[in-house]
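**Student:** Put together the whole structure using the sequences plus the hints.
Now for the letters of each chain:
There are 2 protein chains.
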Amino acid sequence: MTRKYNFSAGPAALPDEVLKQAQEEMSDWQRKGLSIMEMSHRSDEFVSVAEQAEQDLRDLMQIPTNYKVLFLQGGATSQFAMLPMNLLRGHSAADYINTGIWSKKAIAEASRYCDVNIVATTESDKFCSAPTQEDLVLNPNAAYVHYTSNETIGGVQFDYVPQTGDVPLVVDMSSDILSQPIDVNQFGLIYAGAQKNIGPAGLTVVIVRDNLLGNPLAATPSMYDYKVHAEAGSMHNTPPTFAWYLAGLVFKWLKAKGGVETLAAINLRKAAKLYAAIDQSDFYGNPVAIRNRSIMNVPFTLADARLENAFLSQAEAAGLVNLQGHRSVGGMRASLYNAVPEAAVDALIEFMVQFEKENA
Amino acid sequence: MTRKYNFSAGPAALPDEVLKQAQEEMSDWQRKGLSIMEMSHRSDEFVSVAEQAEQDLRDLMQIPTNYKVLFLQGGATSQFAMLPMNLLRGHSAADYINTGIWSKKAIAEASRYCDVNIVATTESDKFCSAPTQEDLVLNPNAAYVHYTSNETIGGVQFDYVPQTGDVPLVVDMSSDILSQPIDVNQFGLIYAGAQKNIGPAGLTVVIVRDNLLGNPLAATPSMYDYKVHAEAGSMHNTPPTFAWYLAGLVFKWLKAKGGVETLAAINLRKAAKLYAAIDQSDFYGNPVAIRNRSIMNVPFTLADARLENAFLSQAEAAGLVNLQGHRSVGGMRASLYNAVPEAAVDALIEFMVQFEKENA
Chain Y
1 MTRKYNFSAG PAALPDEVLK QAQEEMSDWQ RKGLSIMEMS HRSDEFVSVA
51 EQAEQDLRDL MQIPTNYKVL FLQGGATSQF AMLPMNLLRG HSAADYINTG
101 IWSKKAIAEA SRYCDVNIVA TTESDKFCSA PTQEDLVLNP NAAYVHYTSN
151 ETIGGVQFDY VPQTGDVPLV VDMSSDILSQ PIDVNQFGLI YAGAQKNIGP
201 AGLTVVIVRD NLLGNPLAAT PSMYDYKVHA EAGSMHNTPP TFAWYLAGLV
251 FKWLKAKGGV ETLAAINLRK AAKLYAAIDQ SDFYGNPVAI RNRSIMNVPF
301 TLADARLENA FLSQAEAAGL VNLQGHRSVG GMRASLYNAV PEAAVDALIE
351 FMVQFEKENA
Chain G
1 MTRKYNFSAG PAALPDEVLK QAQEEMSDWQ RKGLSIMEMS HRSDEFVSVA
51 EQAEQDLRDL MQIPTNYKVL FLQGGATSQF AMLPMNLLRG HSAADYINTG
101 IWSKKAIAEA SRYCDVNIVA TTESDKFCSA PTQEDLVLNP NAAYVHYTSN
151 ETIGGVQFDY VPQTGDVPLV VDMSSDILSQ PIDVNQFGLI YAGAQKNIGP
201 AGLTVVIVRD NLLGNPLAAT PSMYDYKVHA EAGSMHNTPP TFAWYLAGLV
251 FKWLKAKGGV ETLAAINLRK AAKLYAAIDQ SDFYGNPVAI RNRSIMNVPF
301 TLADARLENA FLSQAEAAGL VNLQGHRSVG GMRASLYNAV PEAAVDALIE
351 FMVQFEKENA
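Chain order of the listed sequences is Y and G.
For the first sequence, the positions run 1 to 360 when this note's numbering is used.
For the second sequence, the positions run 1 to 360 when this note's numbering is used.
Everything labelled a hint here was simulated from the structure, so no lab data went into it.
No false leads were slipped in.
Just so you know, same-sequence chains aren't split out, so a pair can sit in one copy or run between any two.
Under the rule of at most 20 Å between Cα atoms (straight-line distance), these lysine to any residue pairs were calculated in the SDA-like manner:
no., residue 1, residue 2
1, 4, 23
2, 4, 29
3, 4, 44
4, 20, 30
5, 20, 32
6, 32, 344
7, 105, 227
8, 104, 236
9, 126, 327
10, 20, 31
11, 20, 33
12, 4, 31
13, 105, 222
**Tutor:** Structure follows, in structure tokens:
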């Protein structure tokens with residue numbers, strides 16, 4: 001077996017060690033004679049897996065006890081509706097910051113349930129930056145303020161946490177959760193699709209302050225009511241048990257690696273190297289404002305776009321895969337999530353230098 | 001490794017061969033150097049897996065071309081809301097048949113969106129039977145008629161498909177899909193959580209006639225709109241890729257076994273043996289009307305309930321696991337899904353005979 005270096009934006013690379021453990025115990029978990037997939041979610045075995053995963057995530061992110069941690073289905077796209085359905089709480093409007101494609105999707109869905117006030121947008125900048133705190137024109141009567149901490153497609157990341165006073169701050173952290181330390185107390189609700197930095201697709205993690213629960217819109221389906229899930233320990237119905245188990249293995253791996261602080265240092269180093277390689281050359285380019293360059297998703301272009309196909313096919317032949325940019329923007333993109341080793345970035349840079357030499 | 005005989009009601013047993021293949025290619029799918037979990041859902045590789053799974057399911061169930069097959073998240077519990085949200089289409093009422101715990105959950109959620117007319121209930125019979133066609137008092141103006149073809153907890157299965165004239169028939173087939181041949185044309189919509197007869201938890205299959213799509217209630221979240229998923233090939237957002245892949249392996253396994261007809265013959269034989277063993281003894285009992293005895297879930301009691309713990313612990317020691325009845329009803333339950341081999345049933349019967357000898 002030769003494992004490739006995988007720069008996929010999501011579903012994305014998982015740690016080799018995690019896949020190896022999942023493989024070893026696939027048919028026989030902990031000598032129980034069953035796969036973890038074949039066990040009732042209410043069995044002692046699975047409940048212990050589920051509780052340990054939650055505890056490990058709480059440890060990794062230092063999640064305070066007045067926050068619930070939910071393991072849900074449906075992806076961030078389901079959250080786009082669940083947010084207004086649960087968090088309006090009698091308000092008629094919510095504030096949204098628009099920094100790109102994922103912000104826009106969140107805004108479009110929320111607009112079906114309330115008045116959406118765009119408190120800042122970088123669309124005129126072709127979404128190549130994030131607004132500053134001073135740019136935000138906040139509505140003190142908003143139910144909440146929503147932003148996307150890292151735009152996976154544009155490669156734009158906030159370099160600060162917006163300050164919103166008494167209005168709860170809500171963040172789509174799908175592509176940068178667990179990549180660097182944060183203070184959970186600054187947020188009312190954090191959500192993340194698992195398939196980037198947590199585990200396989202089909203799991204969504206929600207971290208929500210408990211005083212925001214319990215006042216959903218009348219038409220809210222039971223499965224869209226955070227409180228229903230919180231009270232049932234995310235087992236209102238059968239949860240995605242294998243994805244939850246695998247996320248738990250990733251959390252254990254993160255702890256063994258030294259936790260989020262250690263990973264953050266590695267992530268910063270990985271990203272800095274790659275941006276330096278891009279900046280040192282006129283052959284490659286990245287359009288994002290320096291202060292907002294994502295440490296997780298690095299889009300880049302070739303000065304001569306006609307070379308893109310050659311770049312991608314030669315990279316693939318060199319064992320560097322899934323470097324194609326999102327279909328909506330083109331170009332290249334290297335996603336550098338926690339599970340992408342520094343050696344992968346080194347190999348990519350080496351390839352880029354060589355490709356430039358041969359094609360410049 | 002010693003694999004146990006697993007009678008879990010769900011998440012449930014998976015075929016040994018399927019787990020073995022998933023294990024072998026866990027870190028390196030088809031020599032691509034990546035896990036199938038680590039690939040974009042829009043990659044050629046995953047799209048081929050997804051399309052093949054759909055085609056194999058279409059072949060197995062002979063699904064007509066005017067039906068869409070959707071691979072969704074959220075379980076049957078999400079369907080309980082999606083049904084009225086999508087299928088009312090201007091109607092104000094829907095018909096529901098009540099045969100037990102799962103029917104009741106579907107009814108409770110639908111009641112939040114429309115007038116629910118209970119067209120028949122077997123509650124006075126303690127849910128130990130299903131109503132006959134003659135028992136059904138149907139409303140010709142109902143948006144649809146809903147029933148649960150097999151009550152997983154009660155072990156009650158319909159022995160016919162209700163005839164509803166021009167009103168679309170909707171069925172929760174979570175625990176008996178693919179267990180016996182059906183004529184899809186008799187249904188407007190079929191749904192099933194995967195974690196019993198299809199694959200791992202976290203995937204829900206919906207088979208829906210295309211003329212029922214496209215008129216959801218105003219408050220319906222995008223992710224609850226069947227048409228949105230149908231038009232996107234179930235990739236409106238990132239689907240649960242590993243669960244979809246694993247379901248595909250199960251469909252291939254079913255085809256290799258000879259398809260649904262072959263499995264149905266085995267399933268009937270497995271169930272008949274176990275019911276015969278129960279009926280031949282006063283030591284064991286099953287309260288369900290003979291014509292409605294489920295071929296998938298066989299609940300049974302001991303004449304002396306004080307022996308239940310001994311039965312369960314000795315069964316487990318003999319390699320027969322997850323025989324405890326649902327916490328809401330107690331007693332024992334053996335779920336005999338497709339992946340439970342006939343040898344497991346033989347071993348269970350042998351154990352039951354021996355246990356009776358020692359304890360009667």
